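Please arrange chain P on chain U, whose structure you already have, making use of the hints.
Residue numbers (my numbering), protein chains in the order written: chain U, 1 to 442; chain P, 443 to 601.
To be clear, the hints were calculated from the coordinates, so they are not data collected in a lab.
Hints are not guaranteed to be accurate.
Reference listing, derived: stretches of chain U covered by chain P, where coverage requires no fewer than 3 residues with Cβ under 8 Å from a Cβ of chain P [unchecked claim]:
1) 22 to 35
2) 204 to 218
3) 228 to 235
4) 239 to 249
Below, a sample of chain P positions facing chain U; criterion: calculated Cβ distance under 7 Å [claimed, not checked]:
5) Thr490
6) Asp502
7) Arg512
8) Asn533
Computed from a predicted structure; not experimentally measured.
We put the CB at the ideal spot given by N, CA and C, even for glycine.
Residues per chain, in single letters:
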Amino acid sequence: MDKSASPITSDDIRSLVRPDHVHRRAYADAAVFQLEQERIFSRLWIYVAHESQLRKPGDFVRTRLAAYEILVTRHTDGNIYVLQNRCPHRGARICMVDHGNAKVFSCPYHAWSFRPDGSLDSVPHRKSYPEAFSLDDPQNHMQRVGRVAVYRGFVFATLNENPAPLVLHLGPMVKVIDNLVDRAPDGEIEIADSSFTLEYQGNWKLHLENAADIFHPSFVHNSSVAPARRAPANASLLDQDQTREMLLANGFGTAEWEGIQLNGFSGGHAYMNNIYSKGVLASQDADPVVARYRAALTARLGPERTAQVLAMNRFNNIIYPNLVLNAQYQQMRVTVPLSVDRTLVHIHCFRLKGAPDEMFHRAVRFLSTLGSPMSMIFSDDVEMLERCQQGLTRDVGPWIDFSRGIGTDRRSQDGSISGAASEMPMRIQFEAWVSYLTAEAV
Amino acid sequence: MLDWQTQRRIELFLFEEARLLDAGQFQEWLKLYEPQGIYWIPSQPGQTDPLNVASIVYEDHAILAIRVQRLLEARALVLTPMPHTTHLIGNVEAEEAGDGGFTVSAAFVCVEHQGDRQRIYSGRHSYKLARHGDSFRIKMKRVALLNSDGVHTAMAVPL
Numbered sequence: 001m002d003k004s005a006s007p008i009t010s011d012d013i014r015s016l017v018r019p020d021h022v023h024r025r026a027y028a029d030a031a032v033f034q035l036e037q038e039r040i041f042s043r044l045w046i047y048v049a050h051e052s053q054l055r056k057p058g059d060f061v062r063t064r065l066a067a068y069e070i071l072v073t074r075h076t077d078g079n080i081y082v083l084q085n086r087c088p089h090r091g092a093r094i095c096m097v098d099h100g101n102a103k104v105f106s107c108p109y110h111a112w113s114f115r116p117d118g119s120l121d122s123v124p125h126r127k128s129y130p131e132a133f134s135l136d137d138p139q140n141h142m143q144r145v146g147r148v149a150v151y152r153g154f155v156f157a158t159l160n161e162n163p164a165p166l167v168l169h170l171g172p173m174v175k176v177i178d179n180l181v182d183r184a185p186d187g188e189i190e191i192a193d194s195s196f197t198l199e200y201q202g203n204w205k206l207h208l209e210n211a212a213d214i215f216h217p218s219f220v221h222n223s224s225v226a227p228a229r230r231a232p233a234n235a236s237l238l239d240q241d242q243t244r245e246m247l248l249a250n251g252f253g254t255a256e257w258e259g260i261q262l263n264g265f266s267g268g269h270a271y272m273n274n275i276y277s278k279g280v281l282a283s284q285d286a287d288p289v290v291a292r293y294r295a296a297l298t299a300r301l302g303p304e305r306t307a308q309v310l311a312m313n314r315f316n317n318i319i320y321p322n323l324v325l326n327a328q329y330q331q332m333r334v335t336v337p338l339s340v341d342r343t344l345v346h347i348h349c350f351r352l353k354g355a356p357d358e359m360f361h362r363a364v365r366f367l368s369t370l371g372s373p374m375s376m377i378f379s380d381d382v383e384m385l386e387r388c389q390q391g392l393t394r395d396v397g398p399w400i401d402f403s404r405g406i407g408t409d410r411r412s413q414d415g416s417i418s419g420a421a422s423e424m425p426m427r428i429q430f431e432a433w434v435s436y437l438t439a440e441a442v
Numbered sequence: 443m444l445d446w447q448t449q450r451r452i453e454l455f456l457f458e459e460a461r462l463l464d465a466g467q468f469q470e471w472l473k474l475y476e477p478q479g480i481y482w483i484p485s486q487p488g489q490t491d492p493l494n495v496a497s498i499v500y501e502d503h504a505i506l507a508i509r510v511q512r513l514l515e516a517r518a519l520v521l522t523p524m525p526h527t528t529h530l531i532g533n534v535e536a537e538e539a540g541d542g543g544f545t546v547s548a549a550f551v552c553v554e555h556q557g558d559r560q561r562i563y564s565g566r567h568s569y570k571l572a573r574h575g576d577s578f579r580i581k582m583k584r585v586a587l588l589n590s591d592g593v594h595t596a597m598a599v600p601l
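Just chain U, with the same shape it has in the complex (with noise of 0.2 Å):
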């Protein structure tokens, strides 16, 4: 495996890419990996936690943030603070849980112990240290690592000093976020405590084009389509038939494949329209739960703004670099890169306030089914990510192919359309990871 770590230049990075070829290196170059470190998930906005998760003063997140593992907080200023998870004394890692609450963070190894927004608050047998030591020296606190900005109780944190607004970076993609946060009848969305983390042996960017892939599902799932095509109707007693629909959705006929539009967008964004949408998954199907649910909803919005947000059939939405959401099942997946080859996919749920219970059953129920290690359709795709990286790390023949649809991509108004068939948002993850990366100063 190429693991050597030589300085990489711009011109490296453009010769990589062509207009329907990327070359392997893109994958499985270490060099490469830390200029998207640098360049990539330092200086874009990278979701870190959700507002639902830092209620109360002291509640906090641990997560990553390129190279540094931090600790998302709400201090009692009511702000919310990105810290490096580490003792500004002697290094040691303070937090070892991934959330919680906390009045302060103790490193265990002094008992230095630190306020929510990263200053020191005491340390023991204080006239040991020298005269000049001071609890309010910078230097001695845990250290601020980067800004955070929220959109409607997703937040999101750069280390980039002089970062665009976060909405410019989101771009159309708000509108992803506006429709999940619209769902819920109390307008407010509350993030599962349960989730699930895969980690595989592949590179990140497998799994944002694997999410954009609207051709693999006919053959990549095809050992979960036949048994469900073959398997009785509203046989299981626990879910009206939902998991047996969910396997049944990846089987596309031709008219339906042929139905499903892709959109690109200019910053590597994408997302798909009409896709997934039967039996209980489909809002607009008369189930008693939906109707409750429509109920509800019309109370707060009126009919119309109602049948508006229920309208928007949006399956991924892909915001660059790592986060996938989707609105009407209430989903979220975070790629978190560890390596070249190594990525962790954190997946989660949402619960809509206001809304039955039964519909955020549903929406735990979509993430077992889909996002389990035991999922009969993620642990498929998880092997082909993991079978492209074996295959991506010899340089025999090192050019791969995304020139299906190259000529049927029309342009839009802010960026691309195209079929279910179109290699297109992957054109667009590496237009935009050229222009990222090739970006010398910010």
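Below, chain P without anything else, positioned relative to chain U:
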């Protein structure tokens, strides 16, 4: 405490289940479940709620039947090459349940070998068993993985 013969019959039933899984006889394995039997792998330690909390698996017979078909016929990608497993069951403690059946708790270790890698799963099974002639049927099997809320790789063969 159960009489030793009943205890032994329950142990042998669990060993039979483990053997069917090791032999890849998933359809035979499914027959050990009651028509409304449930197979549950929680995602959280101590999880009691399968509706509001995500599960690694929470499936009844009808959905398990699809899962078994996938394992058997339609050769899933994640199952090529087919993993080989040893399901080891121990520390079996059984007692009578109020409904004439039994509740059983057992420790397990499963070693899975696939291609060039080997993985180990471990934890505790709890069963609700119903009597079925000389043998038993599973009303509920709950698999408490040691690392239920940890970082996972894709898994395929039932535990």
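Each hint tested on the structure:
1. Under the rule that three or more residues need a Cβ within less than 8 Å of chain P, the assignment of the region 22 to 35 of chain U is violated, with 0 such residues.
2. Evaluation of the coverage hint for the region 204 to 218 of chain U: breached, as 0 residues show C-beta separations to chain P shorter than 8 Å, against a requirement of three.
3. For the region 228 to 235 of chain U, the proposed coverage by chain P is satisfied: 5 residues have a C-beta within less than 8 Å of a C-beta in that chain, meeting the threshold of three.
4. Coverage of a stretch by a chain is defined here by at least three residues with a beta carbon nearer than 8 Å to that chain's beta carbons; for the region 239 to 249 of chain U and chain P the count is 4, and the condition holds.
5. The interface hint given for Thr490(P) is violated, since its Cβ lies 12 Å from the closest Cβ of chain U, which is over the 7 Å cut-off.
6. Checking Asp502(P) against chain U: minimum C-beta separation of about 5 Å stays under 7 Å; hint holds.
7. Annotation: Arg512(P) was flagged as interfacial toward chain U, and the flag holds, the nearest CB pair being 5 Å apart, inside 7 Å.
8. A hinted interface residue such as Asn533(P) counts as satisfied when its beta carbon comes closer than 7 Å to some beta carbon of chain U; here the least separation is about 24 Å, so the hint is violated.
Hints 1, 2, 5, 8 from the earlier list are contradicted by this structure; the remaining hints agree with it.
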